[in-house]
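Novice: Each chain, written out:
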Amino acid sequence: MKKTQTKVFADLVGSIIFIILGIWAWIQTSSFQEVSGSYVQASTFPLIMIVGMLIFSVILLVQSVIKLLAMKGDSLSSAEKCESINPVTNKGVRAAFIVVALCVAFVALFQTLGYVICSAVIAVVIMYLIGKRDYVQMIIVSILVPLGMWLIFYKVLTVNIPMGPLQFLRDLLDKF
Amino acid sequence: MDFGLLLESYAAVWTNPEVLVMTLLGALGGVLLGAIPGMTATMGVALLIPFSFGMDLIPSIGLLLGIYCGGMYGGSISAILIHAPGTPAAAATLLDGYPMCKKGQAGKALSVAMFSSFCGGVIGALVMTFLSPLIADMAMKFGPGEMFMLAVFGLSVIVSISGKSISKGLISAFLGLALCTVGLDPTNGVPRFITYKQTGLLDGFQFIPTLIGMFAVAEVIAGVERILNGEEKQESSHEKIKNVLPDFATIKKIWPNILSGGLIGTLIGAIPGAGGDIAVFVSYGANKSASKHPELWGTGIPNGVASTESANNGCSGGAMIPLLSLGVPGDSVTAILLGAFIMKGITPGPMMYVNEIPTVYKVFAALMLANLAMLIVGCCGVRFFAKIVSVEKKMLYPIILVVSLLGAYSINKNVFDVAVCVGFGIFGWLMNKYEFPLSPILLALILGPMCEKNFVRFMNIQRGNFFAITKSPIAMTFAIVAVAVIIFSIFNQMKINKVQQLDPTQE
Chain A
955 MKKTQTKVFA DLVGSIIFII LGIWAWIQTS SFQEVSGSYV QASTFPLIMI VGMLIFSVIL
1015 LVQSVIKLLA MKGDSLSSAE KCESINPVTN KGVRAAFIVV ALCVAFVALF QTLGYVICSA
1075 VIAVVIMYLI GKRDYVQMII VSILVPLGMW LIFYKVLTVN IPMGPLQFLR DLLDKF
Chain B
74 MDFGLLLESY AAVWTNPEVL VMTLLGALGG VLLGAIPGMT ATMGVALLIP FSFGMDLIPS
134 IGLLLGIYCG GMYGGSISAI LIHAPGTPAA AATLLDGYPM CKKGQAGKAL SVAMFSSFCG
194 GVIGALVMTF LSPLIADMAM KFGPGEMFML AVFGLSVIVS ISGKSISKGL ISAFLGLALC
254 TVGLDPTNGV PRFITYKQTG LLDGFQFIPT LIGMFAVAEV IAGVERILNG EEKQESSHEK
314 IKNVLPDFAT IKKIWPNILS GGLIGTLIGA IPGAGGDIAV FVSYGANKSA SKHPELWGTG
374 IPNGVASTES ANNGCSGGAM IPLLSLGVPG DSVTAILLGA FIMKGITPGP MMYVNEIPTV
434 YKVFAALMLA NLAMLIVGCC GVRFFAKIVS VEKKMLYPII LVVSLLGAYS INKNVFDVAV
494 CVGFGIFGWL MNKYEFPLSP ILLALILGPM CEKNFVRFMN IQRGNFFAIT KSPIAMTFAI
554 VAVAVIIFSI FNQMKINKVQ QLDPTQE
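Sequence order for the protein chains is A and B. Numbering of the first sequence is given in my numbering, commencing with residue 955 and proceeding in unit increments. Numbering of the second sequence is given in my numbering, commencing with residue 74 and proceeding in unit increments.
For the record, the hints were derived by calculation from the structure and aren't laboratory data. Keep in mind that this is a model prediction, so the values were computed, not measured. Please note that a few of the clues may not be correct.
Claimed, not checked - Straight-line C-alpha distance at most 27 Å; calculated DSS-like pairs for lysine-lysine:
hint: 1; chain 1: A; residue 1: K961; chain 2: B; residue 2: K176
hint: 2; chain 1: B; residue 1: K176; chain 2: A; residue 2: K1021
hint: 3; chain 1: B; residue 1: K365; chain 2: A; residue 2: K1035
As the list claims (entries may be wrong) - Short, incomplete list of chain B residues facing chain A, as computed with Cβ under 7 Å:
hint: 4; residue: F266
hint: 5; residue: I267
hint: 6; residue: T268
hint: 7; residue: M468
hint: 8; residue: A492
Cβ atoms here follow ideal geometry from the backbone N, Cα and C, with glycine treated the same way.
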């Protein structure tokens, strides 16, 4: 196993990401408006937290570097392997990325298509993606669950949820 | 205390059919609402308060307290079964509840949660009955300095919930605390990390969509990945639930956690502005630190569930103390209850104990009844709730996702919250994948705003002299205990890591 495939290397990458994030956030705080007469400025609290994050990120970085340098022969072969995030080589990660894309599409189309249609589509696609092949069950569940949730939220909890083209269902329900 | 009048009030409340029915209905509604991610006990009480308009005071208070107590327990159901806390007060329950479910002990976890919720609620109600004026006096001594130190004390638990790597836990915690500062500065209204044009973030990241995203959505993404990689196994549906209540051996094991959790919950609940979400983490941390086997906490043990569930229901009694004795609500639910009292022509406060003592005693009795109603509803539902894990994972994950996204939307009826939920879902999935713990972020998101707000207030009152905090005995007590907890947790974690290095199977 290569050193770059170990959990320790993942920690090293993680610590670098948090250091970059911390430095960016620190720079951002310098642009916060100062309020005269206030003993604590808007930037004080975030700055303390960012410094804390940076300190522990540097500690993690140092720990990872020391561990990586010490890894040789047996200790390298027995080192814990880090999780893959490569969608090309790992079908699980590929499916996870598809779920993420579906969630983003859900957010983008929520107002236009409404909750029930968006949810039914996302549910059917995910079920198919993870190997469910009982189509009747898939369609029934993915339509009835969002419809049932909408009914509960609309009638019992009086929360109005976008329905898109299915708006007529609400009008129908209101008539009864 | 007039014990004769107290007993008379209990008898009047417990034999009134209208009160019994309303409290039971309230508890049922509370449990069901609490179990839906995104629906809090506060929302439940707010939604159902119009139904109480036409009722007498005690049945209406019974209905609302039933929802309150039921909602507190209900939140644990989804935390245990689907890794999505129904309410913020159930956030810490998933630390041990979900691993128990993964081990095929969903029914046991639910019954422990229910029993602990009931006991915690009873402890809260008893403390409220006998020690109200005393605790109310203590709670009123909490100024910004004391509140700030209470938040710091709560944050000291972070080390003990960090897992294997303390550095990673602390990175998560500081990141969470920094995330709390996104939006308008609470004191001066200065935008931080955003511009005024980004209206969706002016109030920062909303807590509930963030919570749902980090836990439920992240779990769905990870679950799909595991199924495709052949690492996911269907949770046992063979767990036989013989008794809906925990067996005697389990009760013997968890009673110290229930007792301490109930008391911690009651005391924290009595402090205005501090609620169940804070109490559960303080109770979890305190109980873990005191445990002989801290290495088992977080792996799915009933003690973890008991310590958090007794604390959040203990809060219900605690939050009623300042409401009744001072007219100051302890949390958002009691703020709505204050409105209910005023609508009925009763003004809670010190004079209530002089002029309306029979009503006060009836409220005590109604709270006790609400806890009993929650237990009855819970007992009837445990077998049914436990069946949820038997649903095929290939169907359960999409259902969790669509219900969670709806929960995120329903808070403010805002699509931006759904986007935040999805964003934090992706973030939570990646953090989990690379073993950066999420619980410290969650704790930071709960305590961060309280910490900053009170820090700024304190500094402005003391004209920038932070060391003036040493003059407050309460604040200094919290500071000393916080330092002790941190040292003890670091020591414990080192011990756990050492044991796991020698015997990796204990991980």
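Novice: Evaluate each hint against the coordinates.
Specialist: Hint-by-hint comparison with the structure:
A distance of roughly 26 Å separates the Cα atoms of A:K961 and B:K176; the hinted pair therefore holds under the 27 Å criterion. Of the supplied pair hints, the one linking B:K176 and A:K1021 is violated, its CA atoms being roughly 33 Å apart against a limit of 27 Å. Distance check on the hinted pair: B:K365 and A:K1035 sit about 32 Å apart at the alpha-carbon level, beyond 27 Å; violated. Nearest Cβ of chain A to the Cβ of B:F266: about 6 Å, under the 7 Å cut. The hint holds.
Against a cut-off of 7 Å between C-beta atoms, the interface hint on B:I267 is violated, since the closest Cβ of chain A lies about 10 Å away. Against a cut-off of 7 Å between C-beta atoms, the interface hint on B:T268 is violated, since the closest Cβ of chain A lies about 10 Å away. Interface restraint check for B:M468: the shortest CB-CB distance to chain A comes to about 6 Å, inside 7 Å, so the restraint holds. The criterion of a C-beta within 7 Å of any C-beta in chain A is met by B:A492, whose closest approach is roughly 5 Å, and the hint holds.
Checked against the numbered hints given earlier, the structure breaks hints 2, 3, 5 and 6 and satisfies all the rest.
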